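Use these hints to put chain L onto chain Z, whose structure you have.
Protein chains: 2
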Amino acid sequence: MEEEIRAPRLGDAFGRTLRRCWAAGATPGAAFEIIERDDGHLSAADATRYFTPVADLSELDREAVTLAHGRILDVGTGAGRHALALQQQGKDVVGIDPSPGAVEVARQRGVAAELGSIAHPPEGVGQFDALLLMGNNFGLLQSTQMAKAVLRQLALLARPGALLIGTGADPASSDPDHIAYQDHNRKRGRLPGQIRMRVRSGPLATDWFDYLLPSLDELRQLIRPSPWRLETAHEQGTKYLAVLRLQTG
Amino acid sequence: MEEEIRAPRLGDAFGRTLRRCWAAGATPGAAFEIIERDDGHLSAADATRYFTPVADLSELDREAVTLAHGRILDVGTGAGRHALALQQQGKDVVGIDPSPGAVEVARQRGVAAELGSIAHPPEGVGQFDALLLMGNNFGLLQSTQMAKAVLRQLALLARPGALLIGTGADPASSDPDHIAYQDHNRKRGRLPGQIRMRVRSGPLATDWFDYLLPSLDELRQLIRPSPWRLETAHEQGTKYLAVLRLQTG
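Chains as they are written, first to last, in this note's numbering: chain Z, 1 to 249; chain L, 1 to 249.
Same shape as in the complex, but just chain Z (with noise of 0.2 Å):
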């Protein structure tokens, strides 16, 4: 037993996992997310909850869709579901996401995808009235270290008093493994909720990274340093939806 044990392929292992899910209907059970913690721990989801029906939308979700107006970037689109919703309400919506097999799916989906990330927006892609966080993509802030940069990023991507709306969850857990990683983060100086991850999907794995689901109230520390101000939460049980507003001047 004592052979080499070989490492995934560095690769779009989450464009695969929906191009699986688009592939089969987006049919629960044909493609599941992987992600891999840095302490080994591994989770998966059916991929199917990048495909929700803009009908079965959560209330947040349709909160943040309605709130939307003019020139909308969705950030981090992946198959586009949030920006199918806006394109329903006759909305006009660039979604971006790195991923590669994303923008493909979004795309076949009908949704104006391109590539591209906050730190590499799509060349001449331009200013928005909303910039849009779905799916708890706060955690495109990264760190406390990381994410004066990123907002101060996606202020570069928005035109005067433009929106910044997204959705994020409370990291308090019950599972002992959770909370021993969090407790971890703390001594490290990090907030609990900071996550170094990569998703695996068959032989592909993407680059680590760092995702962070603050809470709310760390939110509104995170960006009393930036550009924005927080103009409305709602909180849902453990989730929100938070409405930032670009300061002028």
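Keep in mind that a hint or two might mislead.
Which copy is meant is left open, because identical chains are indistinguishable; a pair holds if it fits in one copy or across any two.
Said to hold, decoys possible - Calculated pairs, SDA-like style, for lysine to any residue (alpha carbon to alpha carbon, straight line, at most 25 Å):
id	residue 1	residue 2
1	187	7
2	187	153
3	187	6
4	187	9
5	187	114
6	239	120
7	239	30
8	148	174
9	239	20
10	239	24
11	91	137
12	91	243
13	187	175
Keep in mind that the hints were calculated from the coordinates and are not lab data. Note that this is a predicted model, so its numbers are computed, not measured.
The following block gives chain L in isolation, referenced to the frame of chain Z:
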């Protein structure tokens, strides 16, 4: 990003998966079986497949249940889906599994389950008229090298003239990653369908082990030097049910 990536803890990952699925009422989307192959390939499947209700068992599975008579051993009973079907027919079945979590769940579901494996059966478990290798558990033959020993160990658990009833599937695949793995196996003199794998769940990983998906023809070859003889085989697409009988004298 140059911090240590930790490995999973050695533990009963399979049992954790079954426990979580059972705790969620065996509802789809609650728990996933994650399989890691030694080439870095990762795949997931909904754990509800271990809880298939008796009425929903496949035709081959139901045939196996019908064929088994007398004192029956269900090898690798998992959550006991086949053992429960046997019990519903008033049959006398003992389930064994090396996973403490599986044994716990199977017992909670009413199966006479014991901790044990082919190599290490429960003490005093005695001998049986029928041994079942359901759910592709001809895989427990492990490899060309190991199959002979495993088939001999199974014979030690069998009464004269006993049946060994199991299911399998031809490993032929159109997935390029599986094809590459099988080619690599052939180059090493292994059967194409041999898989070195471990089960992962949350923070846990089992030990690495070999699991074998022999075609029906390969199974015929594997049992040739054993005390078992193929009595009948029922092929259905790429799947098969094979019934072996212990030769006496």
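Within, between, both or neither: residue 239, residue 24 at alpha-carbon 25 Å: between (30 Å within a copy, 22 Å between copies)
Alpha-carbon proximity between residue 187 and residue 9, which holds within one copy, between copies, both or neither at 25 Å: Between copies only: 21 Å across chains, 32 Å inside a chain, cut-off 25 Å.
Is it within, between, both or neither when you check residue 187 against residue 114 at 25 Å Cα-Cα? neither (39 Å within a copy, 43 Å between copies)
Homo-oligomer pair classification [residue 20, residue 239; C-alpha up to 25 Å]: Answer is between: at 23 Å across copies they meet the 25 Å cutoff, but 29 Å inside does not.
For residue 91 and residue 243, with the copy left unspecified, which applies at a CA distance of at most 25 Å: within, between, both, or neither? Within one copy, since 18 Å is at most 25 Å while 63 Å is not.
First find the shortest C-alpha distance between residue 91 and residue 137 inside one copy, then the shortest across copies, and answer within, between, both or neither for a cut-off of 25 Å. within (21 Å within a copy, 54 Å between copies)
Could you figure out if residue 187 and residue 7 sit no more than 25 Å apart (CA to CA) within one copy, between two copies, both or neither? Answer is between; shortest inter-copy Cα gap is 20 Å, intra-copy 30 Å.
Could you place residue 187 and residue 153 in one of the four classes (within, between, both, neither) given a Cα distance threshold of 25 Å? Close neither inside one copy (29 Å) nor across copies (51 Å); limit 25 Å.
Classify it for me, residue 239 with residue 30: is the Cα-Cα distance of at most 25 Å met within a copy, between copies, both or neither? This pair counts as between: shortest inter-copy Cα distance 20 Å, intra-copy 28 Å.
Indicate which option fits the pair residue 148, residue 174 if close means a Cα-Cα distance not exceeding 25 Å: within, between, both or neither. neither (30 Å within a copy, 47 Å between copies)
Intra- versus inter-copy proximity for residue 175 and residue 187 (alpha-carbon distance at most 25 Å): within (19 Å within a copy, 44 Å between copies)
Given identical chains, is residue 239 near residue 120, meaning Cα to Cα at most 25 Å, within a copy, between copies, both, or neither? neither (29 Å within a copy, 49 Å between copies)
Checked against the numbered hints listed earlier, the structure breaks hints 2, 5, 6, 8; every other hint is satisfied.
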